[in-house]
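> Kindly produce the complete structure, drawing on both the sequences and the hints.
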Amino acid sequence: MAKADYDRGLEIRKEVLGEEYVERALKNVTDLDREFQQFMTDVCWGQTWGRPGLTLKQRSLINLCLLAALNRPQEFATHFRGALNNGCTLDELRETFIQIAIYAGFPAGNEAFRIGKQVLAELQASQKT
255 MAKADYDRGL
265 EIRKEVLGEE
275 YVERALKNVT
285 DLDREFQQFM
295 TDVCWGQTWG
305 RPGLTLKQRS
315 LINLCLLAAL
325 NRPQEFATHF
335 RGALNNGCTL
345 DELRETFIQI
355 AIYAGFPAGN
365 EAFRIGKQVL
375 AELQASQKT
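If you're matching positions, the sequence shown starts at 255 in this note's numbering and goes up one per residue.
Derived from the structure by calculation, the hints contain no laboratory data. It is possible that part of the hints are untrue.
[Unchecked claim] For lysine-lysine, the following BS3-like pairs were computed, each having C-alpha atoms within a straight-line distance of at most 25 Å:
id: 1; residue 1: K281; residue 2: K257
id: 2; residue 1: K268; residue 2: K257
id: 3; residue 1: K268; residue 2: K281
[Unchecked claim] Simulated restraints on C-beta separations:
id: 4; residue 1: R305; residue 2: Q378; range: 22 to 28 Å
id: 5; residue 1: Q378; residue 2: R288; range: 33 to 39 Å
id: 6; residue 1: Q381; residue 2: D345; range: 18 to 24 Å
id: 7; residue 1: L324; residue 2: V283; range: 23 to 29 Å
For every residue, glycine included, the Cβ atom is placed at its ideal position computed from N, Cα and C.
Rendered as structure tokens:
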């Protein structure tokens, strides 16, 4: 693991998912998942999300399609928040969810809309407090 990749990955991970989310994940690391968290930050976030060629916004939309197709609702909600952090608009998200419905099936598209609405409601509620 190159320290530069890890450091870049940590920076991108915090930018996309939010510093609070990442700090909480790292705070809850145990002997079981410590190496996995380091590996994920290095390879997934540093070496992959940190590559040139696609914007963070584009990577977020791709992730939403993949996570919906793989039926990973918890990760989908996390990356939906990340997509908003990366500047994805509701129009872009809506069109992505329609694309999901066509290529991954209507249940996956329906679930994407359900999770998206739930996350938006949570975000709206947290802004009122």
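> Taking the hints in turn, state whether each one holds.
Evaluation of the provided hints:
1. Restraint check: the Cα-Cα separation between K281 and K257 comes to about 19 Å, which is no more than 25 Å; the hinted pair holds.
2. This hinted pair checks out: K268 and K257 have alpha carbons roughly 16 Å apart, not beyond 25 Å.
3. Our distance criterion of 25 Å between C-alpha atoms is met by K268 and K281, whose separation comes to about 14 Å.
4. Separated by about 34 Å at the C-beta atoms, R305 and Q378 break the suggested range of 22 to 28 Å.
5. As the Cβ distance of Q378 to R288 is approximately 35 Å, the hint placing it in 33 to 39 Å holds.
6. Evaluation of the 18 to 24 Å hint for Q381 and D345 yields a pass: the beta carbon distance comes to about 21 Å.
7. For L324 and V283, the hinted distance range of 23 to 29 Å is satisfied, since their beta carbons lie about 24 Å from each other.
Hint 4 from the earlier list is the only one contradicted by this structure; the remaining hints agree with it.
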